[in-house]
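Enquirer: So the chains spell out like this:
Protein chains: 6
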Amino acid sequence: MSIDMADISGKEDVLRIATARGAIKLKPETIQRIREKTLGKGDVVTTAQIAGILAAKKTPEIIPLCHPIPITKVDVQISVGNSTVTVESTVQSLSKTGVEMEALVATSVALLTVWDMVKPYEKDQEGQYPDTEIEEIRVVSKTKQPTKNSQGREQHETQKHP
Amino acid sequence: MSIDMADISGKEDVLRIATARGAIKLKPETIQRIREKTLGKGDVVTTAQIAGILAAKKTPEIIPLCHPIPITKVDVQISVGNSTVTVESTVQSLSKTGVEMEALVATSVALLTVWDMVKPYEKDQEGQYPDTEIEEIRVVSKTKQPTKNSQGREQHETQKHP
Amino acid sequence: MSIDMADISGKEDVLRIATARGAIKLKPETIQRIREKTLGKGDVVTTAQIAGILAAKKTPEIIPLCHPIPITKVDVQISVGNSTVTVESTVQSLSKTGVEMEALVATSVALLTVWDMVKPYEKDQEGQYPDTEIEEIRVVSKTKQPTKNSQGREQHETQKHP
Amino acid sequence: MSIDMADISGKEDVLRIATARGAIKLKPETIQRIREKTLGKGDVVTTAQIAGILAAKKTPEIIPLCHPIPITKVDVQISVGNSTVTVESTVQSLSKTGVEMEALVATSVALLTVWDMVKPYEKDQEGQYPDTEIEEIRVVSKTKQPTKNSQGREQHETQKHP
Amino acid sequence: MSIDMADISGKEDVLRIATARGAIKLKPETIQRIREKTLGKGDVVTTAQIAGILAAKKTPEIIPLCHPIPITKVDVQISVGNSTVTVESTVQSLSKTGVEMEALVATSVALLTVWDMVKPYEKDQEGQYPDTEIEEIRVVSKTKQPTKNSQGREQHETQKHP
Amino acid sequence: MSIDMADISGKEDVLRIATARGAIKLKPETIQRIREKTLGKGDVVTTAQIAGILAAKKTPEIIPLCHPIPITKVDVQISVGNSTVTVESTVQSLSKTGVEMEALVATSVALLTVWDMVKPYEKDQEGQYPDTEIEEIRVVSKTKQPTKNSQGREQHETQKHP
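Chains as they are written, first to last, in this note's numbering: chain G, 1035 to 1196; chain P, 1035 to 1196; chain B, 1035 to 1196; chain C, 1035 to 1196; chain Z, 1035 to 1196; chain U, 1035 to 1196.
A hint or two may mislead.
Claimed, not checked - Where chain G lies over chain B, by a calculated footprint (3+ residues, C-beta under 8 Å):
{"no.": "1", "segment": "1096-1110"}
{"no.": "2", "segment": "1130-1143"}
As the list claims (entries may be wrong) - Computed from the model, here is a short list of chain C residues facing chain B with C-beta under 7 Å:
{"no.": "3", "residue": "1042"}
{"no.": "4", "residue": "1048"}
{"no.": "5", "residue": "1087"}
{"no.": "6", "residue": "1107"}
{"no.": "7", "residue": "1131"}
{"no.": "8", "residue": "1172"}
{"no.": "9", "residue": "1174"}
Claimed, not checked - List time: in silico DSBU-like cross-link candidates among lysine-lysine, alpha-carbon distance up to 30 Å:
{"no.": "10", "chain 1": "U", "residue 1": "1075", "chain 2": "B", "residue 2": "1157"}
{"no.": "11", "chain 1": "G", "residue 1": "1107", "chain 2": "Z", "residue 2": "1071"}
{"no.": "12", "chain 1": "B", "residue 1": "1107", "chain 2": "G", "residue 2": "1178"}
Calculated from the structure, these hints are not laboratory results.
This structure is a prediction, so every number in the text was calculated from the model and none was measured.
We treat Cβ as the ideally placed atom computed from N, Cα and C, and that holds for glycine.
Next comes chain G alone, as it looks inside the complex (with noise of 0.2 Å):
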């Protein structure tokens, strides 16, 4: 059985976006220190940002058979709730394949990096991580826009799963 990076030669350029999902959940008292900014390493929310907007540049170099892509834009949205820090990436391209995985890695790789800037708050006195969790991640919606180049098609087929 062979490795195979699908030929997408023939497919069209369209816009595509897709969100990706996910959370990570924390003590009680670390969700309170990134409300009040009081942890020690700095904004997480800024930090866990840029660095899911670069991780979705990454993609291609991070999964091995995705297709290098122009992403023409990346959104990461972090949202402090009781328990859990949530994460929603969404990327656009105008591209031959779609941007799932991309929404998919920013949003990992936002998520990873909230915990290392958590971790003296959420290791225990045996240096381990008994509350902490990343989970959930999904993808939310995934859809194809038609460009100024390709009018006349439907507007666009999209569909969201809560």
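Based on these hints, arrange chains P, B, C, Z and U on the given structure of chain G.
Expert: Coordinates of chains P, B, C, Z and U only, in the frame set by chain G:
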């Protein structure tokens, strides 16, 4: 509030080991195809293992405040269950700081690589992923072991969290 | 004398395909182990394929004057002979410049990965490699094909060199 | 306040050219050695050119909110004056966004590479650099040119700043 | 004349610290917006800090003859003046060679990131940057400090250059 | 069969040196142009040396199961013969594992860079490369040398293979 890469100059080089685990929920048919090795893109297990190993080495490039450390071993185990594929990554380093982020990055990227390779089987007719989900990424254990040069201290300090 | 990255701004986006081939000479026992999949480090063939695919995407980062181009397909075929393992890589891109360097980089890195995985079996008692050799890395063929947007021109211009 | 990678999906692919310039102030003896090519580490000019070209391609990896764009040309010119080495980099791309950051990154990295190669000659007895300084990194010009597909509009919009 | 990456095999692992500083000249209105955090692209200061930290770790990849060294700390301080933003980066490593290039790269990339984030406010009507300039990138200080394993030698050898 | 990055945690840090050599066969006219430095793209020798040095540092990123090690020296020698250009790369590291892969990667990438820079002179009228070939990439020697901290053991264990 400033961003701060922690100063580890004064910490000791000790053998540090961390294991992280996570899972991806897939359709039964996809699981079946992975078992039977009938996926169009090729051997999911080996590809995910290699992606995980390469990603562990990329950790300081992906997670902004991680230090570059000399990884001495990466082991990515993948097990195919009934409705999930589970990844468990163990990283070792003789270094001044722990390797849990490296193990978490290896696990996350291996799971994302599984997703990438099963995309055609997981998508529904609208191109969405109603069932696919990465879940429960955790640090299973984190250990320090005395090196040849630091004998006499306690054997190791560890504790497993299932 | 100045270093110059060629100006390709005025060239046309055409489907470009290139195939490069090379081989690595190994001990008969090593070849036997690859066939029987009894190498300690794991599946040589899949690992070399993935390394080759990832390397093709890294070409503009590795070869100083190569342009970044949108690769649409990479295929790395590995065949195990009696005394050599042969790698043949084919790369496609819809781009302004050819992809022979990408195919050569994929082939070279796949061959180097084979070497890395068989080191313990190829080394002699002094730790040297008297028999191992990478040999005959060549461009097998280089083609242009008219795209949907440029029909009417000649079908393709190619020629095979054995 | 959220970090935002600008959405360029709707912008047109146009030939974009930018030139950036900067200088590094060096000791007269160091300048003399560069001219006479008697530096221990080798040919400063060619090394700095290559470092600049490679860095231009790395721009979206280095500058968090830069988009990945298909660079079609990089030209790094280095001139050795009496007390400074001047670098002038020109980058071209057929893309949806300008290339001034790419030209600035190429220029900055070429200047840093010059510094790295002349370290032994610039350091004083305490290992400090009292004289060395990178200065006046500027965008010299930024231009758009109509492509074959967008004729009829104005020829180009440019203006030079000395 | 050959290119030569210096041999540091015989040098001692010592704690090495270097600080580099530089500035970017901006329009008063842009400075005002940075202070008030009303820039469209988001938090300039945190983004530039993270870009600088990540770049310090990339130094051996960007500067051809730099050695890969285990950085133990990076600190990027950004201060907003009346007409300039100043960046001062300090890098530490327990290594065989100094870290001034790492500090210079961190400073340069943080300054370039500031530029990237204020582009819309610095451009004039022709899309040029008549006022923007990166200036006076210097090594402020370079130090060696005895490690725990090498006590008895002089405390440190440093000297500040304003 | 699992992929396995070997555990080197227990191995000793020793000065390790490896030399790898290979050649590229070129047309006599191309060789002539390299000698006379009349190639359009610039100084082949320096460019190939730098590409090789940078590639040696990238080895753990390119070869999946290679460990990241602190390279202390890379030397890439290029000699222009009558019908071939020969590259010989020597890499040193004070590390727990050998550096033959680093030397092989440096040599391979330097040879590929030569190819890239002579493309216009090697292509025939159909755009093919009937004569160009990379050949005989071998490990010339692999050595360990006792460090200052491990004196008393045998001087080194080496053996040359022509």
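Enquirer: So which of the earlier hints does this model not fit?
Expert: 2, 3, 4, 7, 8, 9, 10
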